[in-house]
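Trainee: Spelled out from the first residue to the last, the chains are:
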Amino acid sequence: MKKLVMIGNGMAGVRTIEEILKTAPEQFDITIFGQEPYPNYNRIKLSNILQGDTNFEEIIINPLEWYKENQIQLFTGEAVVKIDVEAKRVISDQGREVDYDELIIATGSNSFILPIPGADKIGVTGFRDIKDCEMMIKSAAQYKKAVVIGGGLLGLEAARGLLNLGMKVDVVHLMPNLMERQLDPIASHMLKNELEAQGMNFLMEKETVEILGDERVTGLRFKDGSEVDADLVVMAIGIKSNKEVAKNCGIYVNRGIVVNDFMETSVPHVYAVGECAEHREMVYGLVAPLYEQGKVLANRISGLVGEPYQGSITGTQLKVAGIDLFSAGEIFEDGSTKSIMVYNEYDGIYKRVLTRNNLIVGIVQYGDTKESTKLFRMLTKKEDISGTAIFQTECGTGDSNDVAAMPNDELVCGCNGITKGAIVEAIQTQGLTTLDQVSHCTNAGRSCGRCKPMVSQILKYTLGDQFDAATAQKTSICGCTTVSREELVEEIKAKGLTSVKEVMNVLEWNNEEGCTKCRPAINYYLGMIHMDEYKDDRDSRLVNEKMHANIQKDGTYSVVPRMYGGITTAADLKKIAEVAEKFNVPLVKLTGGQRIGLFGVKKEDLPGMWEELDMPSGYAYGKTLRTVKTCVGAQFCRYGTQDSMALGIELEKKFERLDTPHKVKMGVSACPRNCSEAGIKDIGFVGIDGGWEIYVAGNGGVDLRPADLLCTVKTQSEVMEMTGAYMQYYRETANYLERTSKWVERLGLKHVQEVLADHETRKALNERMDKTLKKYIEPWNEAIQSEEIQDKYYVKHTIMAGSETK
Amino acid sequence: MIKTLTRIPVANYSNLKARAGYSIKMDDKEIALFKISNGNVYALENRSPHPKGGVLSEGLVSGEFVYCPVFDWKISLIDGKVQAPDDGQVTTFQVEIHEDIVFIVL
Ligand code: SRM
Ligand SMILES: Cc1cc2nc3c(=O)[nH]c(=O)nc-3n(C[C@H](O)[C@H](O)[C@H](O)COP(=O)(O)OP(=O)(O)OC[C@H]3O[C@@H](n4cnc5c(N)ncnc54)[C@H](O)[C@@H]3O)c2cc1C
Ligand code: SF4
Ligand code: FES
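Residue numbers (UniProt numbering), protein chains in the order written: chain S, 1 to 806; chain A, 1 to 106.
No wet-lab data here; the hints were simulated from the structure. All values derive from a computational prediction rather than experimental measurement. Each residue gets a CB set at the ideal place from its N, CA and C atoms; glycine is no exception. Treat the hints with caution; some may be incorrect.
Claimed, not checked - Pulled a few chain A residues facing chain S out of the computed Cβ check, cut under 10 Å:
#1 Ala11
#2 Tyr13
#3 Ser14
#4 Lys17
#5 Ala18
#6 Gly39
#7 Arg47
#8 Tyr67
#9 Ile78
#10 Ala84
#11 Asp87
#12 Phe93
#13 Gln94
#14 Ile97
#15 Ile104
Please take these sequences and the hints and turn them into a complete structure.
Mentor: In C-alpha cells, the structure reads:
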C-alpha cells in the first residue's frame, strides 16, 4: 500500500482524507500528525462555545474511533518540524520519522498578532483554537474587562462570546466601519447599532500601538495617545498561513504555500490544502472553498481524472444571536454597476444587490437573508437577471412552496457545497428520515449549522406524507446510542424494562455501562414510568444526588437542611449554630432560597452532621423540588390577601424529594407586589382577593424568563390539584435536564393549558403523582441508619504507609 | 540501583462494591480505589488533572473509565489518561490482590 502522510489534523485536511477514503478506499496507509492534542474538531463552533451554546465534546467532527475504524495512524500533540523532500520523510518534534509516498500539508493558519510592544504579555490571545477559547473562558471567570482588537467577523463573534461570559467588552477597530470588507456603510451602521444595543462598546478608528501592563496586560495605548483598561486582549485582526515547515524545506511559498489547480506544490508528491495554501494568489479563510479544494486534491491523489480547482466566490455570515446578515462578492459601486435596493429602517431590513451587465456581482443583506441562497446561486452561476424579480414581494409564500420552487442546483449548505438536488437524491436513494442522517450522508449541516432549518424543510418536502416531524428532529440521548428520549420511554414501557443495565443491554447501547449523560437520564425515566415499583440506581446518579450533598471545588460538600417556606424557629437556629461550631464549618450563609447553607464540609463528616441536625435534607443539590420561597403574607402584612406561608409549607411538604427532569423552584406571594419573586419561578403563586393566580415557566437563571399565567383558581386545594397535575405532566413529557421554562416553550403554553383544562386528565395525572410520592424516604436519615451506605459513600479510609515491604 | 517497593494493604477485595470509588488516605497521598464490573481493581491519585481539580472517588464509573464528578472529564482507570477533547493524565498505582487483600504498590 502507498504511504500517505498528512501534516495538520484540521478541518480541510481531514475532509480531504474523508474524500480519499470514499474515492480510493484501502489504497493508502494513512498517517496524520496534529499539533493540537485533539481529534479533528469543528473550529467554526468555537464561537458558539464562547457564546455558551455548545461544549467541546459536541464539536468533535471525527472522534478517535473514526481514526481507528479507518486504520489511520494519528499522532496528536505532535508537530512535524521537518520535511526531507529528497528522502520523502517527515520528522516530528518528538523525533519520530515517517516515510511517505504522498504528502499533504494542511497546517491551516495562526492568528495574526500585532507586532507591537507588550503583545507577549499574559492575557493577550488570538482566537483560533480550543486553547484560546479556554483561556478566554478562564479569564472571564476572574477578570472583568476585555478588549477585542478587530471589528471583523472573528472579532465580533469573540466580543459577543465575552459579553455572554459576563465581561465588559470594547471592540477596537482601525476603520470607520465594521466588517468594511463585507458590508457597505449602511449595513455596517445597522450592525453597529444592534451590537451596541447588545452591550458592546466600540472604539472606532483607533490604532493600537502598545499593550500596557507588567506581567499581565492592564490596558492598551492608541496612536492618538488615549488609553483604555483591559484585563484580557483578544487580537482578531486576521490570519496568517502556517507555511513555515514548507518554506524551510524548499517548497515555494508566497503568502501561503503556492499550489496549482490540482493543489500540487512546487515539489512533486507534496500537496497543500486549506488555509495554508495559496491558489491563484488567493488564500481562503472559510471552509466552503477549502472543502472544494479537498475534493480536487482527493481525486488527484487517488489517481482519478477530476476537475481542476478554479477558485471560489465566498459568502459571509456572522454567527451572533439576533443578527442576520449575508454578504458576497463586490460591495462598492463603481461607474459600471447598478444597485437594486430595499431599505426598511423601521424593521431593520436592508438589502442591496449590485449588478453589472445584467449579472449579479455583489450581495449585501441585513435583517432578512431568506433570499441569500437564491441570490448567491445567481451570482455564482452568472444567471442573467433581466426580467426576473430580485426581491420577493411582501406576501409570503408558504415555506414548503419555497422548497418546491427551488431549483435542484441551488446551494443549500454553503459550507459544504451541497445542493438541494444532492439532498433530495440522498433522501430518496438511501431512505433517510432524519436530519442527523442527511447530515451524515451528504455533509450538509456539518459545519456552521446555519442551513439545518432549510435541510429540514427539504426533508419534509421530499418525504411528503411519510414525513414524521418527531423522527426527523430525532436526537439521540447521548453518544452511547441512537435511541431518542421518545423511543427510550416507549421501549421501557413496551418491553417492560426495569433496570438501567437492562435498558442498555436490550437496546444495544454501544457502550456497555453508559456515560454521565445517559445513565442519570435512564434512571430518571425508569423511576418516572414505574412509579413506586422502581428501585433507584444510586450509582447512576451524579455526585451531588448520589451523595445527597453538593460537591464543591475542593471536594468538600455543602449541607442545606429544609426550612419549609423559609420559616424557622429559634430552637432550629440554635441547633444549626451548634452543629456549625462543633464541626468547624467554614461558611454559614443565607442562600438565595430562604434558608441556611453550611459550606465546606468534609465528606466523612456528613453523616455525623446530619445526625446532630436531625432535620430533613433541603435537596439543594437535586433534580427535584428545591425551595418554596414565601412572603410573610396575610398573617402579618397589611397588603396580604392570602396565607402565603401556609400554602408554601404545604407545597414544599407535599412535593419534596420528588424526582423531576430538572430542578423545580416555587414562590408564593400573598399579593401582586410579589415579594417572593413568584414571577421567575418554575411555578409561582400570587394571592389575589378570593383566589390564587398560578404562574409557570419562569426562570431566574441563565435564560432569564418571566413566568406566564397558567390559570386562576379559587381555593388552596385547587392550587394543590393543579400543581400536582402540572408537575406530573412535566415529569412525563420533558427531556431529562430540561427546565420547565424550556419545556413550556417547546410544547407551547396553550397546549399545556388545554391538557390541564380537562378534569379527568388532571385526576389521572394526580393519581400517578400520588403513587410516585409514596416511595420516597428521607435520605439523610437513611444514611445515618445504614452502615452499608456510610461505608460505600462517606468513609475516608486512612492508612499508615510502610506496613509491608518486599 | 535497588528500588524498594512498598506494598500497602488497603482493603478486603470482597468488601469492595463494583462501580464504587473509595478514597484512601496514605501519608500525604490520597488515592481513589475502584472495582469495576469485571472485577478488576484500579488505583489512581484522587484528583482530576483539571486546573480546578476535583476528587475522582465520587465520580461515575463506566467500564474502564471514571468521569470526574466536578467537570465531567472522562479518565481511563487503566493508564490515567484523560480522554479527548480534554487532556492530561492522572498518576496510577499498581494494584495486587492476594487472598482477598488488596495491596497498592508504591
Ligand atoms: C447556595 C445557592 C447560592 C447562595 O449562596 O445563595 C446556590 C448554589 C448553587 N447553584 Fe444556584 N444556588 C442558589 C440559588 C439559585 C437561584 C435563586 C433562587 O433559587 O431563587 C437561581 C436562579 C433561579 C432559577 O434557578 O431559575 C440559581 C440558579 C442556578 C443555576 C442556573 C439554572 C438555570 O436553569 O438557568 C445553576 C446551574 C444548574 O442548575 O445547572 C445553579 C447551580 C448551583 C450549584 C448547585 C452549582 C454546582 O453544581 O455546584 C451551586 C452549589 C453551591 C454549593 O457548593 O452548594 N444555580 N441558583 C442558592 C441555593 C438556594 C437553596 O437554598 O437551595
Ligand atoms: C472562531 C472561528 C470562527 C470561524 N467561523 C467560520 C464560519 O462561520 N464559517 C467558515 O466557513 N469558517 C469559519 N472559520 C474558519 C475555519 O474554521 C477555517 O477556515 C478552517 O478551520 C481551516 O481549515 P484548515 O484545515 O486549513 O486549518 P485548521 O482547521 O486550522 O487545521 C490546521 C491544523 O494543523 C495543525 N498544525 C499546524 N502546523 C502543524 C505541524 N507542523 N505539525 C502538525 N500539525 C500542525 C494545527 O494545529 C491545526 O490543528 C472560523 C474560524 C475560527 C477560528
Ligand atoms: S407580597 Fe404582598 S403580602 Fe407578601 S409581603 Fe409583599 S406586600 Fe406583603
Ligand atoms: S451552511 Fe454551514 S453547515 Fe451548512
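Trainee: All hints, please: hold or fail.
Mentor: So, going through the hints one by one against the coordinates:
This hint holds: Ala11 of chain A has a C-beta 7 Å from the nearest C-beta of chain S, less than the 10 Å allowed. The criterion of a C-beta within 10 Å of any C-beta in chain S is not met by Tyr13 of chain A, whose closest approach is roughly 14 Å, and the hint is violated. For Ser14 of chain A, the interface hint is violated, the least distance from its beta-carbon to any beta-carbon of chain S being 13 Å, above 10 Å. A cut of 10 Å between beta carbons decides the hint on Lys17 of chain A: the least distance to chain S is about 6 Å, and the hint holds.
Nearest Cβ of chain S to the Cβ of Ala18 of chain A: about 9 Å, under the 10 Å cut. The hint holds. Hint status for Gly39 of chain A relative to chain S: violated, with the closest Cβ pair at about 14 Å, above 10 Å. The criterion of a C-beta within 10 Å of any C-beta in chain S is met by Arg47 of chain A, whose closest approach is roughly 8 Å, and the hint holds. The beta carbon of Tyr67 of chain A is positioned within 10 Å of a beta carbon in chain S (closest approach about 5 Å), and the interface hint is therefore held.
For the restraint placing Ile78 of chain A at the interface with chain S, the shortest Cβ-Cβ distance is roughly 15 Å, beyond the 10 Å limit, so the hint is violated. Among the interface hints, the one on Ala84 of chain A holds; its C-beta lies about 5 Å from the nearest C-beta in chain S, closer than the 10 Å criterion. A least Cβ separation of about 5 Å between Asp87 of chain A and chain S falls short of the 10 Å threshold, and the interface hint therefore holds. Residue-level restraint check for Phe93 of chain A is violated (minimum Cβ-Cβ distance to chain S is 12 Å; threshold 10 Å).
A cut of 10 Å between beta carbons decides the hint on Gln94 of chain A: the least distance to chain S is about 12 Å, and the hint is violated. Given the 10 Å rule on beta carbons, the hint for Ile97 of chain A is violated: about 14 Å separates it from the nearest Cβ of chain S. Hint status for Ile104 of chain A relative to chain S: holds, with the closest Cβ pair at about 9 Å, below 10 Å.
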